[in-house]
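So the protein sequences, as listed, match chains A and B. If you use the numbering used here, the first sequence corresponds to residues 1003 to 1150, in order. If you use the numbering used here, the second sequence corresponds to residues 114 to 308, in order.
No wet-lab data here; the hints were simulated from the structure. Just so we're clear, the structure is a prediction, and the values are computed from it rather than from any experiment. Just to be clear, a hint being listed does not mean it is correct.
Chain B residues, not near chain A, derived (Cβ > 12 Å throughout) [to be verified]:
# : residue
1 : Q144
2 : R158
3 : K171
4 : R208
5 : E218
6 : A249
7 : S263
8 : E275
9 : R286
Quick look at which bits of chain A chain B covers, simulated, 3 or more residues with Cβ under 8 Å [to be verified]:
#  : region
10 : 1028 to 1035
11 : 1059 to 1068
12 : 1097 to 1103
Think of the CB as a built atom: it goes at the ideal place given N, C-alpha and C, for glycine as much as any other residue.
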Amino acid sequence: MTDHGQHPGLQAFHDGELSPAAAGAVKAHIASCPACREELKALRSLDVLLKRKEPFSDISSAVMERVGAAAPAAGPLGGWWKLPAMALASIAIYAFCVESGLLPERAHALTAAVAAQREAGKASALLFGGSAGSKEELLAMLLEGDNK
Amino acid sequence: MLFKETGDEELIDAVLDGDASAFGGLVARHQQKLLGFCFSMLGGREAAEDAAQEVFVKAFTALPQFRRGSSFSTWIYRIAFNHCSNVRRGAARARQESFDAMTEEARERAMLKAAPAAGQGGQAALPAGALDALPAGYRAAIALRLEGESYADIAASLGITEDAVKARLKRAREVLRARLRHLLPAAVSKDTETQ
């Protein structure tokens, strides 16, 4: 850096970020300031050095192939909303069934009664057996569960 | 659909309405700049092409979440910055692990090979390699500037203020001029030798 220091607007002038009025003021300064003229030349030289000289290959086909593979599973048309939507739908169907009596509340009592049975074999026979006597015992268990 | 005559917003709407081919228009329009950015961040053409493809696929997947307040290019540069930063971190980790696994002798050979032979006729730092000297945020700022992005768009892409963009560009340019002084015109490089 020279003693003069860099004009504060020089970088923005080089980058085309100044208003016309501000750019005009910097331009006028540069005309009478060799140090800032050199600095501007340095900024331009650096840009020329860093900017790519040749264009890149066209990757459109490769991208669209991958997009096509990704679209059914996770593209904008499907994917992220499906799981929450299914969960909400399941909850809504279940609530409807319970409220309308299609799915009796006793289902909860049955589950609790079975879980509370100390004799696992007896519970298994009641659930998966099928004799008339078993059904009466099951009913008694349900009523007993309600009264506990 | 004639992609050349259609704006980004319309193309995005078309994709979200079910026309995935409209995304091709966005790719065609933005790929060169995105590739240029990835090249500046990663330092190699193959790495840049891989990264750019990944970024476009991520953008396609995340398109429903794109906020219309910002431009598509700003948004995609943000995705690219995060992606390239992850790639660089992964590569650095892999290099370190590979280095740690070497024998002492192999490590010394690798270090000699990597060290620049300054003033001894060694290979001069090429522009892309010079960018390696910059932290990721500074590198990204200069990379976006090289693609012609404004201070406002650079700030939006990187999530920083415009003043921070100016400061990063200034510092990045100082570092690069010092690293590349042997490739710059004599009068221009003279000042950098005193820094």
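How the hints compare with the structure:
1. Listed as outside the interface, Q144 of chain B is inconsistent with that label: its C-beta sits roughly 6 Å from the nearest C-beta of chain A, within the 12 Å cut-off.
2. A cut-off of 12 Å between C-beta atoms contradicts the statement that R158 of chain B is not in contact with chain A; the least separation is 7 Å.
3. Distance check for K171 of chain B against chain A: the nearest CB is about 9 Å away, which does not clear 12 Å, and the non-interface claim fails.
4. Interface exclusion of R208 of chain B from chain A stands, the closest Cβ pair being 24 Å apart, more than 12 Å.
5. Residue placement check: E218 of chain B keeps its beta carbon more than 12 Å from all beta carbons of chain A (closest about 38 Å).
6. Every beta carbon of chain A lies more than 12 Å from that of A249 of chain B, the smallest distance being close to 17 Å; the non-interface claim holds.
7. Against chain A, the non-interface label of S263 of chain B is violated: not every CB pair exceeds 12 Å, the least being about 7 Å.
8. Here E275 of chain B does not stay apart from chain A, with its beta-carbon only about 9 Å from theirs, under the 12 Å limit.
9. Listed as a non-interface residue, R286 of chain B fails to keep its Cβ farther than 12 Å from every Cβ of chain A; the least gap is roughly 6 Å.
10. Taking a C-beta to C-beta cut-off of 8 Å, the region 1028 to 1035 of chain A contributes 0 residues in contact with chain B, too few for the three needed, and the coverage statement is violated.
11. Interface restraint, the region 1059 to 1068 of chain A with chain B: holds (8 residues with C-beta to C-beta distance below 8 Å; minimum three).
12. Counting residues of the region 1097 to 1103 of chain A whose beta carbon lies closer than 8 Å to any beta carbon of chain B gives 0, which falls below the threshold of three, so the coverage claim is violated.
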